[in-house]
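The two chains are supplied separately, each in an independent frame; assemble them into the complex guided by the hints.
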Amino acid sequence: MRLILHVKSAVLSVQDYSLLAARSIANLFSPPIYWADVFQQADLIGIGSLPIVLLTGFFTGAVLGLQSVTTLATFGAKEVTGSFVTLSMIKELGPVLTGLMVSGRCASGIASELGSMQVTEQIDAMRALGTDPTRKLVTPRILSAVVMLFFLTIVSDATGMAGGAMVGVFMSGLDATQYLHSSFQYLRYMDVLQGLVKPAFFGFVIASVGCFCGLRTRGGTQGVGRSTTQAVVYSSVFIIVVDFLISRVMISIFGR
Amino acid sequence: MPAQPIVAFDRVSLAFDDNPVLDSVSFSVAAGETRIILGPAGCGKSVLLKLVNGLLRPDSGRIHVFGEDITDLPERDLYPLRARIGMVFQESALFDSLSVHDNVAYRMTQDHTPVAESDARVLESLRFVELEDTVNLFPSELSGGMRRRVAIARAVVSRPELILYDSPTAGLDPITSATIIELLVKQRDVSHTTALVVTHRMQDTFTLATHAYDTASHRMVPMDKSGPNRGVDPRTRYLVLKDGRVVFDGDTPALTASPDPWLKDFIS
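Protein sequences appear in the order of chains A and B. Take the first sequence: its position 177, counting from 1, is numbered 176 in numbering that gives the first Met the number 0, and each next residue is one higher. Take the second sequence: its position 151, counting from 1, is numbered 150 in numbering that gives the first Met the number 0, and each next residue is one higher.
Excised from the complex, chain B in its bound form (with noise of 0.2 Å):
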């Protein structure tokens, strides 16, 4: 019997008066997989990860997420799993009115958890992205880059089993998304969780299946082309979408090797 996905999309559709956004989509996330969804501006990418977490609803079409539906689930439900859930937002969403200790611990506090594990796991996390003297700072003393950082941090701060990243490197300078990529890549091997990355930069998504976290030097180094995988990691796959459609589901090989004119277009 095969593993329950982590999350299903089963001919989903939407649409924001009366421009359809996506049209009868239907995909799977299994667990441990990084999903990498593709496409043009405005063809509906980060609209189908705010899906995923109940930000929005789906006109028609069902949406699983870790077994359960939550197509119709009152909001007051999708509490308890959002809470499996980490979301990495465009334009990182800090709280520009709380600390960036305030900001990583925000879910913490929620819950109560009590201060002297908090402030552990706000430290945890703000190593893990490199930005542990920031704790004191407020979000606009941060740059661009610093800013997606903390975001990470406050993803990752409850150990979720899904994040989601909504275009987590765009508008940083090239070696800025190299940093941020390196901290997918290192949250995926060390954690092995289950991601959607939503991007539209192809040099993000081939450093993501090309490369892995060396625990030993700290760093991302490019996978071994000799092994069994041909340097490209097997669950790093594919969603492309064109005009809210589904053009491509697959993994790297098979996404490099398609005969199909635009996506050729698209990925060179």
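Chain A extracted, bound-state conformation (with noise of 0.2 Å):
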């Protein structure tokens, strides 16, 4: 009887979630857009997430190229390593690193304050003064996170880039003009697109996931924590099975 239950319960969240998901974009295409909200959120999203983007980035690559070089060497292969972290930057790890991080930093915070919003009845308040809060919360969250996460994932594998390329060039004594070269050899365009396809997909995971867990708060401010936590652990899996899901669909698209 209980297991009935948690199914039953499971099923209806994946009918809520789908529910906002899908009202949250259906929103963009009629009036009123809060635009102010949407600027407000991406400076938060964005700009807020910036100094760990570029500092996980930065390490990510330069402990690949660390890790990368020294593996490479036994093969006789230590030119590749310029390819090896680029590839490995922009087709996974700086997409997933970012959205990881950033689902860290911002599904918390959104769930955190949508659901003090929630407990605090002033969701209810704000239907009760006649604005939409799908519109002006949920909305505004989603499409910022979209757009910053693709600048952000950007940023990262710059980083990642350079990180790999510090590692190369000035602890492993690898040629920078070879190193630079050997980066963009073998980098197609399929693979840039991969890259970048990925972050407005986990952006939108981040941003939904926080809203939703936020939104469906109770019990106080235990409740609040609760949802925290849900939010991070959920829009993390997510981002991962995502990932999955987006490589599986792009190689069998692009063959790579």
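One or more of the hints may lead you astray.
Unchecked claim - Going by beta-carbon spacing under 7 Å, a handful of chain B positions derived as facing chain A:
(1) Phe15
(2) Asn52
(3) Leu54
(4) Ala92
(5) Tyr105
(6) Arg106
(7) Gln109
In short, the hints are calculated from the structure, not lab data. Everything numeric in this text was worked out from a predicted model, so none of it was measured. For glycine and all other residues, C-beta sits at the position ideal for the given N, C-alpha and C.
In structure tokens:
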């Protein structure tokens, strides 16, 4: 009996999430669109996440360079380190790590903010005052997250490649020109496309899951804490799952 | 032909997760009436207010507000109706990231009301609750009673035809409660707004029923007991709920004279 209730609850949650996500997208095609909130959220999500994305990207590229140059040297292929680091950063690590870092920072922030508003009846007050909370709170966050994650990923890719280059050139004695040449030698437009399609989906996952968890908060401050944790856990897991699905689809379409 | 009621519930029932909250509740509120909703904690009083504003939907029964059936009305179509309703939430529900001015002006900002007009009405509302000096403060800088008064200012700023007060004096000390009740009486007697007031404090309900606002002295005074209504406001009526069911629907004399032992015990 308890299992049936759990299954029923899970199915209802999926239905509610789907409806929220669909409504928030549909809101983009009819007025009003709260542009001030979109820009405010873009600042919070995008500019606010810049330091952690820069640091994560740089050191991920650096450690990737460090590990790969050691392994590749065993096979006498140290020269392709640049290519290895660039492809790994652009296709996978840049988008995924940016997604995970922004998820930890923003999905939790969104869930706690909306959760606090929910338990203090501010969401109901908003509805009573004639504002649709989905339009005012959810759509601006999703739009901002999608756009800003795209740019954050580009920043992460660039700093990751710089980190890899720094390790390769200054610590492993690779030639700088050769490193850069190798970095772009095997890179194709399809790889870049794959790396830039992913963050759009990840941004959607982060903001929509954060909003969903926040808006269904029950049970006071304890509930807000629970929603915050759930938002980070669910969005992180979804990012990995979505990453797999997009990679599978793109590889089947473009063959790489 | 009798005037159309402002709010009408017809056998409204609602349950949360198989727990019945309201069970076949029927009542109506006439224009200009102050309907006090009484009952023990958890009997469905706040839920009833949210149903009036369309913030919740009933499982069965019909709800009419301003003559319009809102039971199945889509959320988008409820917004024009909500523009005619003011609501004061139990814990004020002020937007904590906005200043007092922006909280009170919220609806007008969304409606793109000209700034000069909006500012004037915000000031007028804050003057009504005697808090015009707090205009630039944030909710976190106000006391509980002040927050409640700002919530009242936010509810009345759009000059609504119906105001819903959800436990406006809950958690406040007696002096602050008296100030809030005075504001309710002032709103009722100056603007003649229809109101639903949820409360569990009998003292507040009897103050509402036996006092009037004196515009000359700018304060609440007891009604004349030698007058035609014997010192009781005839527009103040009661709805008492118990376990989600209506156990009393009537005026002040009928409530105090009720032979029901539970009701007698409750109002004592």
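Hint check:
1. Phe15: violated (11 Å)
2. Asn52: holds (6 Å)
3. Leu54: holds (5 Å)
4. Ala92: At 4 Å from the nearest chain A Cβ, B:Ala92 passes the 7 Å test, so the hint holds.
5. Tyr105: holds (5 Å)
6. Arg106: holds (5 Å)
7. Gln109: At 6 Å from the nearest chain A Cβ, B:Gln109 passes the 7 Å test, so the hint holds.
In this structure, only the earlier hint numbered 1 is contradicted, and the remaining ones agree with it.
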